[in-house]
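Per this note's numbering, numbering of the sequence shown is gapless, rising by one per residue and ending at 222.
You may find that some hints are simply not true.
[Claimed, not checked] Straight-line Cα separation of at most 20 Å, EDC-like style, residue types lysine to aspartate or glutamate; simulated pairs: (1) K70 with D116; (2) K149 with E136; (3) K99 with E85; (4) K99 with E147; (5) K180 with D102; (6) K33 with E69; (7) K99 with E136; (8) K202 with E147; (9) K149 with D102; (10) K202 with E136; (11) K33 with D116.
These aren't lab readings, by the way, just hints derived from the structure by calculation.
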Amino acid sequence: MTKKLILFAVLVLAVKQLTMAQEEKKFAPAAAKFAIGIDAGGLLNLFHSPVSFSSMGATTIFGKYYLGEKAAIPVSLTLGLNNSENQPDLSSTNTNTTKNNDFGISAGYELRNNYDRLNLNYGGKFGFATYNTVNESLVNTTTITNENKNTYVDVALFGSIEYYIATRISLEGSLNAGYKYHVRNTTNTTTTPPNSTATEAKQTGSNLGFNSSYAIALMFHF
1 MTKKLILFAV LVLAVKQLTM AQEEKKFAPA AAKFAIGIDA GGLLNLFHSP VSFSSMGATT
61 IFGKYYLGEK AAIPVSLTLG LNNSENQPDL SSTNTNTTKN NDFGISAGYE LRNNYDRLNL
121 NYGGKFGFAT YNTVNESLVN TTTITNENKN TYVDVALFGS IEYYIATRIS LEGSLNAGYK
181 YHVRNTTNTT TTPPNSTATE AKQTGSNLGF NSSYAIALMF HF
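Let's have the full structure, built from the sequences with the hints guiding it.
Dropping the structure here:
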């Protein structure tokens, strides 16, 4: 049901934008205009992947605030939640539960070159993200918990190609390249009955490395 509602809302918005009366033939947004977009890859997944509030893959929402025809401030928000439980042997009490959650934000500055429906954009951005995983296994009467906390900070340059398929709708593909700083904290806890004695081991680490990524967004302009 949730999947159908999301897809229906996107289709209604698309039809509304396509049918809106527009005499203006210009595809370059003016100052103080804005755009909201969704991850086109994530949209395609709605056709074959169930979506719910307890099990939802990471989804990115994009936004832009236009300073004029030649510049914009791009932003993004990423959210994700995924819970799963596995019982390898139905005749036993052994279980394995995994919980993942994603959060990420980014903001930058974009320079734009307008060629009617086609836009060639480039700029730089700053991002912050967290990715946390908790895995809990029950083996006989012993509980083993593995918790991983990851924090990322990155600075990147990007370039994108944007094509207006309608006056207020565009499809944009972007490539990002830069450096990402990663901090990780791992905690392993083993709890053994009958006294629930817990043994804990912690590991921490960090690294700085080159990172690249790409995204495809369906943008709605207002």
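Outcome of the hint check:
no. : hint           : verdict
1   : K70 with D116  : holds (13 Å)
2   : K149 with E136 : holds (15 Å)
3   : K99 with E85   : holds (9 Å)
4   : K99 with E147  : holds (10 Å)
5   : K180 with D102 : holds (16 Å)
6   : K33 with E69   : holds (10 Å)
7   : K99 with E136  : holds (9 Å)
8   : K202 with E147 : holds (10 Å)
9   : K149 with D102 : holds (11 Å)
10  : K202 with E136 : holds (16 Å)
11  : K33 with D116  : holds (17 Å)
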